[in-house]
Amino acid sequence: MSRTVYVDNNATTRVADEVVEEMLPYFQELYGNPSSMHTFGGQVQKRLDEAREKVADLIGADPSEIIFTSGGTESDNAGIRGVLESNPRKRHIVTTRVEHPAVLNLCRQLTRHGYELTEIGVDGEGLMDLEELRAAIRDDTAVVSIMHANNETGVIFPLEEAAQIVKEKGAMFHTDAVQTVGKLPMDMGKSNVDLLALSGHKLHAPKGVGALYVRRGTKFEPLIVGGHHEHGRRGGTENVPYIIGLGKACELAKEYIKEEQERVRSLRDKLEENLLTNVANTKLNGHKTLRLPNTTNISFEYIEGEGILLLLNEAGICASSGSACTSGSLEPSHVLRAMGVPFTAAHGSVRFSLSRYSTGEEIDYIAENVPPVIKKLKDISPYVKEIEELEQKAASTVNRG
Amino acid sequence: MWDYSEKVKDHFLHPRNVGEIADADAVGDVGHIACGDALRLTLKLDNDRVVDAKFKTFGCGSAIAAASALTEIVKGKTIDEAEKITNQDIADYLDGLPEEKMHCSVMGQEALEAAIANYRGYEKAPCEEGTIICKCFAVTDKVLERVIRENNLNTIDQVTHFTKAGGGCKSCHPDIQRILTEVRGPAVAVAVAPEPAKKMSNIKKMKLVQETMEKEIRPVLMLNGDDVELEDIDGDTVYVTFQGKCAENPNSKEKVRNTIEVKLKEFVTEELVVEEAS
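Protein chains in written order, with the working numbering: chain D, -15 to 385; chain B, 40 to 317.
Simulated from the structure, these hints should not be mistaken for lab results.
Treat the hints with caution; some may be incorrect.
As the list claims (entries may be wrong) - Here are the computed lysine-lysine pairs in the DSSO-like style, where the Cα-Cα straight-line distance is at most 27 Å:
{"id": "1", "chain 1": "D", "residue 1": "254", "chain 2": "D", "residue 2": "30"}
{"id": "2", "chain 1": "B", "residue 1": "48", "chain 2": "B", "residue 2": "114"}
{"id": "3", "chain 1": "D", "residue 1": "362", "chain 2": "B", "residue 2": "304"}
{"id": "4", "chain 1": "B", "residue 1": "48", "chain 2": "D", "residue 2": "362"}
{"id": "5", "chain 1": "B", "residue 1": "46", "chain 2": "B", "residue 2": "93"}
{"id": "6", "chain 1": "D", "residue 1": "359", "chain 2": "B", "residue 2": "246"}
{"id": "7", "chain 1": "B", "residue 1": "294", "chain 2": "D", "residue 2": "360"}
{"id": "8", "chain 1": "D", "residue 1": "360", "chain 2": "B", "residue 2": "254"}
{"id": "9", "chain 1": "D", "residue 1": "74", "chain 2": "B", "residue 2": "246"}
{"id": "10", "chain 1": "D", "residue 1": "360", "chain 2": "B", "residue 2": "48"}
{"id": "11", "chain 1": "D", "residue 1": "360", "chain 2": "B", "residue 2": "114"}
{"id": "12", "chain 1": "D", "residue 1": "254", "chain 2": "D", "residue 2": "74"}
{"id": "13", "chain 1": "D", "residue 1": "238", "chain 2": "D", "residue 2": "30"}
{"id": "14", "chain 1": "B", "residue 1": "294", "chain 2": "D", "residue 2": "359"}
{"id": "15", "chain 1": "D", "residue 1": "360", "chain 2": "B", "residue 2": "46"}
{"id": "16", "chain 1": "B", "residue 1": "114", "chain 2": "D", "residue 2": "362"}
{"id": "17", "chain 1": "B", "residue 1": "302", "chain 2": "B", "residue 2": "246"}
{"id": "18", "chain 1": "D", "residue 1": "362", "chain 2": "B", "residue 2": "83"}
{"id": "19", "chain 1": "B", "residue 1": "174", "chain 2": "B", "residue 2": "254"}
{"id": "20", "chain 1": "D", "residue 1": "369", "chain 2": "B", "residue 2": "304"}
{"id": "21", "chain 1": "D", "residue 1": "362", "chain 2": "B", "residue 2": "284"}
{"id": "22", "chain 1": "D", "residue 1": "362", "chain 2": "D", "residue 2": "377"}
{"id": "23", "chain 1": "D", "residue 1": "254", "chain 2": "D", "residue 2": "362"}
{"id": "24", "chain 1": "B", "residue 1": "123", "chain 2": "B", "residue 2": "83"}
{"id": "25", "chain 1": "B", "residue 1": "294", "chain 2": "B", "residue 2": "304"}
{"id": "26", "chain 1": "D", "residue 1": "359", "chain 2": "B", "residue 2": "46"}
{"id": "27", "chain 1": "D", "residue 1": "254", "chain 2": "D", "residue 2": "267"}
{"id": "28", "chain 1": "B", "residue 1": "83", "chain 2": "D", "residue 2": "369"}
{"id": "29", "chain 1": "B", "residue 1": "83", "chain 2": "B", "residue 2": "93"}
The structure displayed is predicted, hence computed values, not measured ones.
Sequences are here, hints too, so could you generate the full structure?
Below, the structure is given as structure tokens:
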């Protein structure tokens, strides 16, 4: 393969050079155990604390509110189970139908262990109805878990409004913010969010490290029970090099938030506009503006997504799709289905997610390579008639306009 | 990413015989865009021999490759020879397909069957008759019976990989299980269970118990609002806890316990007994 154009950053990101550099001494030089009594190990504790400060600083939290974990999924599990176990009398959970499996499958599994679950739907643009949330919360609701932004569409939920409602109703509020930390500014000091999950590898730290924010004073039982690590809130010797890496990545992310909001957003907009204008029968999935700056999810109607990905792959372009064939199940993306996206469009959805490493030249390359891929698949498709009808309809709408 | 063979990649990137024969003698249309894949096969025949074959498909990489392979296989064959082509022939031609993608080869076989029926002047391919079992993907009992028989399928998972049936809401799982038992009879147990004479290693036994619980037992229980959790395996005793509806009533518990024991004896080994964990 001659080149790689990586636009699958909502799946994982490249580890920043600065992060790798920062981590390296902790493998062979500063390899001590931070819990040790000797100076050799003890000196690592100080660096761990610094990393904790950097993570806390990025989201406007106090360092004591940060627990290091193995990643986003553990943080979600620890957060939700942690408050459920500390409120054993409350047996009701509220979440949304578009959550990441780390939350959705956990909540659904809990229904087999005596919990009741209410799943809130979304509208055609992927937005939720706050009144539906208000109505869903009961006296026995232990926790409400609502993602900050959706990994597939990038649609951002009104986190603070939701947290306010949950607080008024007396339940705990957990959010999966894996896609937003480092992309959107946050200030937990002014927030009503009780628990927040973040993941290292979505913000240019390595895979296998993450953090859970737990608001001070929150009743919380550890998911992983062991030694006194993380003040008894997460057992297991700290994954020091990775935590150091996460700290550095958070420090960098703080510097780059503005760039995400400006340069990355403008690249994303350029790509989106180009594809929506230059390829027939395309439409955007998700709200146009209430969206992450790096994500665009486009449906190529009557074209199948796995085929698109495999042909893009031939050109070195790495993207992802919500089609059934790529999901490993036989149904297309649960997020797009919850939004009511028709099958003809859901099977042909492609997500491009950019990062601070994306360049304008790469965007041009993608824009150049997508149309021939779509044409090739269209020529194989038995739905020529349907495709042409759509094209004519679109053309006549333009003419009338 | 799927582990596709070089042959699959080649047929996906360079599909043979794409298109539609205008004056075709046989047309086979199967699948639907809602299900994620669709295939239109057109054949030109001369003296009952296929002289040309073309396809159009909507689907993933392996669906395109399977359709392309099918057209290559069927060309030059007489209609009687074509009738004998199975989905396994298509998969073999491509040096195999991932099991989750075997339904692509089945779709090819079905398109061929439909085209042959069309050529012979039947209204519908024989496979299209029968009762729909899987409502999500519109799969009939006739199709299930044939695919199970021809591919020696033993589990609901396999049936889903080959036909998609049972891959949506899962409510047809008991029906699929019934057809599996009808078609394969006691062979299901024999095929899954190792030789009875051989002593099974503990690890193998535990793994089989776990698999049987997950794939055969729990899906069926859950349909009745019951559920069970595997707690421990000690020698030949399997300890479980009862959940859901059955947990409230000793009689239902006993019924569920018995069901589990029968299944485990059938799928793992005769010696197993099931007890409630204390």
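Hint check against the structure, violated hint numbers in rising order: 1, 3, 6, 7, 8, 9, 12, 14, 20, 21
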